[in-house]
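Trainee: This is what each chain is made of:
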Amino acid sequence: MLTDINTILFYVFAALVLGGGILTVTRRNAVHSAISLIVSLLGVAGLYLLQQAEFLFAVQIVLYVGGIMLLFLFVIMLVNLDLAAHQRQFNKQWLVALAAVAAVGAGVGYFLYRGKDAFHFAEGGAGLPPGLGNTEAIADSLFSEYLLPFEIASVLLLVAVVGSVVMAKKRI
Amino acid sequence: MSASFGFNAADLIRFLPETILTVMGTLLMVLDPILHRRGSHAFGHLSIAALVAAIGGAVYAYTQAGPAFGGMLMVDGFATFFRVLVLVVGILTILPSYRFLARQDAETSEYHALLIFSIAGQCLMAAANDLIIVFIGLEISSIASYVLAGYFRDDKRSNEAALKYFLLGSFATAFFLYGVALIYGATGSVNLTAARAVISGQGPGGPAPAPVFIGVAAALMFVGLGFKVSAAPFQIWAPDVYQGAPTPVAAFLSAGPKAATFAVFLRIFMTMFEPIGSGWEPLVWFSALLSMTIGNFAALMQTNIKRMLAYSSIAHAGYVLVALTARSQVGTAAAMFYLAAYALMNIGAFAAVSHLSGRGERYQNIEDFSGLGQKQPLTAAMLSIFLLSLIGVPLTGGFFGKFYIFKAALESHLVWLTVLGLLNSAVAAYYYLRMLVMMYMHEPGEAVENAEPLSLGLRAALILPALGTLLLGIFPTWVLEFAGKSAALVK
Amino acid sequence: MPESYTDLYFPVLVQALVAMGLAAGLLTASFLLGKRVRNRVKDIPYESGITPTGDARQRFSVKFYLVAMLFILFDIEAIFLYPWVVVYRELKMFAFVEMLVFAILILSGFFYMWKKGALDWAEPDRSRRKL
Numbered sequence: 038m039l040t041d042i043n044t045i046l047f048y049v050f051a052a053l054v055l056g057g058g059i060l061t062v063t064r065r066n067a068v069h070s071a072i073s074l075i076v077s078l079l080g081v082a083g084l085y086l087l088q089q090a091e092f093l094f095a096v097q098i099v100l101y102v103g104g105i106m107l108l109f110l111f112v113i114m115l116v117n118l119d120l121a122a123h124q125r126q127f128n129k130q131w132l133v134a135l136a137a138v139a140a141v142g143a144g145v146g147y148f149l150y151r152g153k154d155a156f157h158f159a160e161g162g163a164g165l166p167p168g169l170g171n172t173e174a175i176a177d178s179l180f181s182e183y184l185l186p187f188e189i190a191s192v193l194l195l196v197a198v199v200g201s202v203v204m205a206k207k208r209i
Numbered sequence: 002m003s004a005s006f007g008f009n010a011a012d013l014i015r016f017l018p019e020t021i022l023t024v025m026g027t028l029l030m031v032l033d034p035i036l037h038r039r040g041s042h043a044f045g046h047l048s049i050a051a052l053v054a055a056i057g058g059a060v061y062a063y064t065q066a067g068p069a070f071g072g073m074l075m076v077d078g079f080a081t082f083f084r085v086l087v088l089v090v091g092i093l094t095i096l097p098s099y100r101f102l103a104r105q106d107a108e109t110s111e112y113h114a115l116l117i118f119s120i121a122g123q124c125l126m127a128a129a130n131d132l133i134i135v136f137i138g139l140e141i142s143s144i145a146s147y148v149l150a151g152y153f154r155d156d157k158r159s160n161e162a163a164l165k166y167f168l169l170g171s172f173a174t175a176f177f178l179y180g181v182a183l184i185y186g187a188t189g190s191v192n193l194t195a196a197r198a199v200i201s202g203q204g205p206g207g208p209a210p211a212p213v214f215i216g217v218a219a220a221l222m223f224v225g226l227g228f229k230v231s232a233a234p235f236q237i238w239a240p241d242v243y244q245g246a247p248t249p250v251a252a253f254l255s256a257g258p259k260a261a262t263f264a265v266f267l268r269i270f271m272t273m274f275e276p277i278g279s280g281w282e283p284l285v286w287f288s289a290l291l292s293m294t295i296g297n298f299a300a301l302m303q304t305n306i307k308r309m310l311a312y313s314s315i316a317h318a319g320y321v322l323v324a325l326t327a328r329s330q331v332g333t334a335a336a337m338f339y340l341a342a343y344a345l346m347n348i349g350a351f352a353a354v355s356h357l358s359g360r361g362e363r364y365q366n367i368e369d370f371s372g373l374g375q376k377q378p379l380t381a382a383m384l385s386i387f388l389l390s391l392i393g394v395p396l397t398g399g400f401f402g403k404f405y406i407f408k409a410a411l412e413s414h415l416v417w418l419t420v421l422g423l424l425n426s427a428v429a430a431y432y433y434l435r436m437l438v439m440m441y442m443h444e445p446g447e448a449v450e451n452a453e454p455l456s457l458g459l460r461a462a463l464i465l466p467a468l469g470t471l472l473l474g475i476f477p478t479w480v481l482e483f484a485g486k487s488a489a490l491v492k
Numbered sequence: 003m004p005e006s007y008t009d010l011y012f013p014v015l016v017q018a019l020v021a022m023g024l025a026a027g028l029l030t031a032s033f034l035l036g037k038r039v040r041n042r043v044k045d046i047p048y049e050s051g052i053t054p055t056g057d058a059r060q061r062f063s064v065k066f067y068l069v070a071m072l073f074i075l076f077d078i079e080a081i082f083l084y085p086w087v088v089v090y091r092e093l094k095m096f097a098f099v100e101m102l103v104f105a106i107l108i109l110s111g112f113f114y115m116w117k118k119g120a121l122d123w124a125e126p127d128r129s130r131r132k133l
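Protein chains in written order, with our numbering: chain A, 38 to 209; chain B, 2 to 492; chain C, 3 to 133.
Note that these hints are calculated values from the structure, not bench results. Be aware that a few hints might be false.
Said to hold, decoys possible - Simulated crosslink set (BS3-like; lysine-lysine; CA at most 27 Å straight-line): (1) B:Lys165 <-> A:Lys129; (2) A:Lys207 <-> B:Lys165; (3) C:Lys117 <-> C:Lys65; (4) A:Lys206 <-> B:Lys165; (5) A:Lys206 <-> C:Lys117; (6) B:Lys157 <-> A:Lys207; (7) C:Lys65 <-> B:Lys157; (8) C:Lys65 <-> B:Lys165; (9) A:Lys206 <-> C:Lys65; (10) A:Lys207 <-> C:Lys65; (11) C:Lys117 <-> A:Lys207; (12) B:Lys486 <-> B:Lys408; (13) A:Lys206 <-> B:Lys157.
Fair warning: this is a prediction, and the values are worked out from it, not measured in the lab.
Working from the sequences, and respecting the hints, build out all of it.
Mentor: What follows is the structure, given as structure tokens:
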């Protein structure tokens with residue numbers, strides 16, 4: 038019974054991801070695309086939750102839906118939308134897109150056909166010590182094993198700050 | 002709970018160059034709004050001091066060689082070689098920048114801070130032994146480069162360069178990440194050493210995963226890295242970006258990120274993907290040939306010197322890929338030697354271009370160099386050394402670089418690739434020689450008449466790489482022995 | 003005590019369903035039962051508020067972008083603080099120093115932006131040269 042709920046939820050979230058994604062690339066209005074992308078990102082968040090990755094679920098919502106999409110919308114608003122809507126659009130490459138989708142689909146199909154044993158699939162939440170949540174597990178490896186990537190990520194953020202000031206500020 | 006946290010003093014020493022650069026980069030960034038000093042040389046001096054200190058740090062780190070931070074970094078001879086190389090490239094970028102930025106009225110600390118951060122990322126790439134570190138290093142280096150390419154914000158060409166570089170570069174990075182995800186899925190690890198063990202069937206998880214998935218991962222990573230080194234067929238961006246970017250930045254892009262990405266390239270393909278080498282060899286073979294051919298034949302038709310050097314840099318990426326195709330320790334050593342020689346001669350040639358370009362970078366055409374030999378014999382002589390080295394004339398570093406690469410290719414029985422590569426270098430001689438003819442056999446034009454006398458920084462930026470090029474051409478064994486010793490990546 | 007993960011989140015699922023059902027139900031109800039009036043006054047966004055002037059889709063100033071960038075920066079730092087808090091008791095000084103290094107680097111970015119005047123809405127005349 039429970040696995041049924043999980044399966045149903047998986048398909049609901051997957052539909053959100055795919056539907057949002059398709060809307061994102063097909064909408065003519067950039068704001069609509071951005072809103073569709075939010076739907077897609079929320080679907081991904083749901084999939085994380087199904088995988089018992091609660092921390093990633095929270096990160097996905099706070100950072101992507103909250104932060105990155107805000108930035109996206111601001112960037113869209115920097116553009117003169119009325120003008121942009123009348124310009125030639127480059128998202129009309131249906132044939133190329135279909136070919137690409139077919140190629141990737143064939144790849145995924147081949148993977149499902151013979152490769153699923155080649156990957157280390159784990160059940161959601163597997164490997165977690167009992168009584169320990171996903172956040173603790175992530176924290177444990179982030180601040181011990183992966184401390185170097187964690188620290189240098191701040192350098193990446195610094196570069197982004199300097200870069201955005203150089204690019205966007207009126208006078209530097 | 003895993004108890005494998007913590008690090009010791011040796012880890013910190015092995016991470017010394019990056020630490021120095023990060024601290025100095027942050028200092029540069031924070032000092033600017035405090036000091037309110039624009040157009041001063043202080044920031045340049047500080048950056049050079051940082052880079053020299055980091056070279057010292059890299060050498061000191063080598064005395065404590067070994068893995069750091071649980072195998073995430075591998076500080077060996079290979080890493081040290083590329084660390085020192087990108088640091089030297091950094092110094093040679095800043096030296097001509099003094100005059101160049103002053104002329105465009107654009108000396109800010111941001112320029113230097115971004116440059117230092119970018120080099121920090123490249124040092125990280127040189128030492129990375131973990132795909133996560135590779136990725137973060139690549140991103141630090143790339144994002145700083147995107148901004149530097151668009152540093153002249155009021156110049157449309159510079160804007161175009163930044164936008165193209167950014168959009169295509171992010172796209173390429175996504176490919177690389179897909180490759181990383183596949184590797185993690187197939188091997189359960191992002192550490193190169195651990196992933197290699199699984200791929201070669203010696204991992205704890207039993208038999209090796211199906212080679213087709215590892216092959217797809219290798220192909221995806223090849224796309225991402227191939228873009229960054231401007232190897233064909235992912236080279237389209239290079240001419241536009243090099244032309245639009247400020248000349249010292251173009252010089253930097255053609256040497257620093259390229260050398261660091263090749264370091265990653267060699268380390269990933271010669272360690273992790275080495276067990277499936279026969280699978281990716283045709284791919285690299287094809288890309289090497291295509292890069293050489295497209296680069297050299299397109300360069301023949303250019304009138305803009307920066308575009309010509311961009312196509313030439315595509316061709317040179319092709320030569321290095323020939324060394325990778327050889328799939329041997331000799332090949333890796335040849336690639337290391339070649340990258341050192343290439344970085345020096347290319348950055349020197351760009352320094353001459355930035356000297357002559359004038360305010361607003363007006364003079365970028367090959368004709369603008371006519372008569373340089375009469376008016377400024379020193380600049381012309383140094384530029385001649387770089388051009389001769391780019392052709393591969395004996396007594397220059399370029400000659401031995403090509404020699405070792407094709408020797409390694411022949412040892413691995415890549416006869417056809419060697420023959421086609423040699424034919425390519427013959428074609429390349431034409432467009433470099435055209436520059437020489439222009440400099441020495443034509444009357445001085447407007448650009449040369451208006452050229453300023455060489456400043457101290459430019460003088461150093463021309464003479465130092467020229468000396469390096471000649472040194473590599475006359476005493477190649479010093480560098481080659483070190484490269485040969487440290488080219489054994491599988492330990 | 004919920005025995006499985008799905009049990010644990012079952013109330014959340016129920017709440018989400020109730021929320022969606024409520025929204026859908028209210029909209030349907032007002033659609034079915036509501037009186038439909040269409041005139042010019044009804045089309046004005048706020049019947050008793052300020053009449054809008056101009057188009058809402060104007061171009062925004064690029065300053066918003068800088069603020070958004072700063073927001074992301076601290077968003078990321080805040081996100082890293084959550085797992086940090088969870089292990090702080092266990093790693094003690096080690097975790098403290100780790101986060102200190104991270105925070106100093108991020109704060110120097112903030113300091114730079116602030117001192118640079120990226121947050122000043124009206125550009126003060128600082129007699130600086132233009133790039």
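Trainee: Look at each hint and say if it fits the structure.
Mentor: Each hint tested on the structure:
As the CA atoms of Lys165 (chain B) and Lys129 (chain A) are separated by approximately 21 Å, the hinted pair is consistent with the 27 Å bound. In summary, the hint linking Lys207 (chain A) to Lys165 (chain B) is supported, as the alpha carbons are separated by about 22 Å, within the 27 Å threshold. With a CA separation close to 15 Å, the supplied pair Lys117 (chain C) and Lys65 (chain C) stays within the 27 Å bound. A hinted pair counts as satisfied when its Cα atoms are at most 27 Å apart, and Lys206 (chain A) with Lys165 (chain B) qualifies at roughly 20 Å.
For the suggested pair Lys206 (chain A) and Lys117 (chain C), the alpha carbons sit about 13 Å apart, so the restraint of at most 27 Å is met. Under the criterion of a C-alpha separation no larger than 27 Å, the hint pairing Lys157 (chain B) with Lys207 (chain A) is consistent with the structure, at around 16 Å. Under the criterion of a C-alpha separation no larger than 27 Å, the hint pairing Lys65 (chain C) with Lys157 (chain B) is consistent with the structure, at around 21 Å. As the CA atoms of Lys65 (chain C) and Lys165 (chain B) are separated by approximately 23 Å, the hinted pair is consistent with the 27 Å bound.
Only pairs whose Cα atoms come within 27 Å are accepted, and Lys206 (chain A) paired with Lys65 (chain C) is accepted, the gap being roughly 7 Å. With a CA separation close to 9 Å, the supplied pair Lys207 (chain A) and Lys65 (chain C) stays within the 27 Å bound. With a CA separation close to 14 Å, the supplied pair Lys117 (chain C) and Lys207 (chain A) stays within the 27 Å bound. With a CA separation close to 17 Å, the supplied pair Lys486 (chain B) and Lys408 (chain B) stays within the 27 Å bound.
With a CA separation close to 17 Å, the supplied pair Lys206 (chain A) and Lys157 (chain B) stays within the 27 Å bound.
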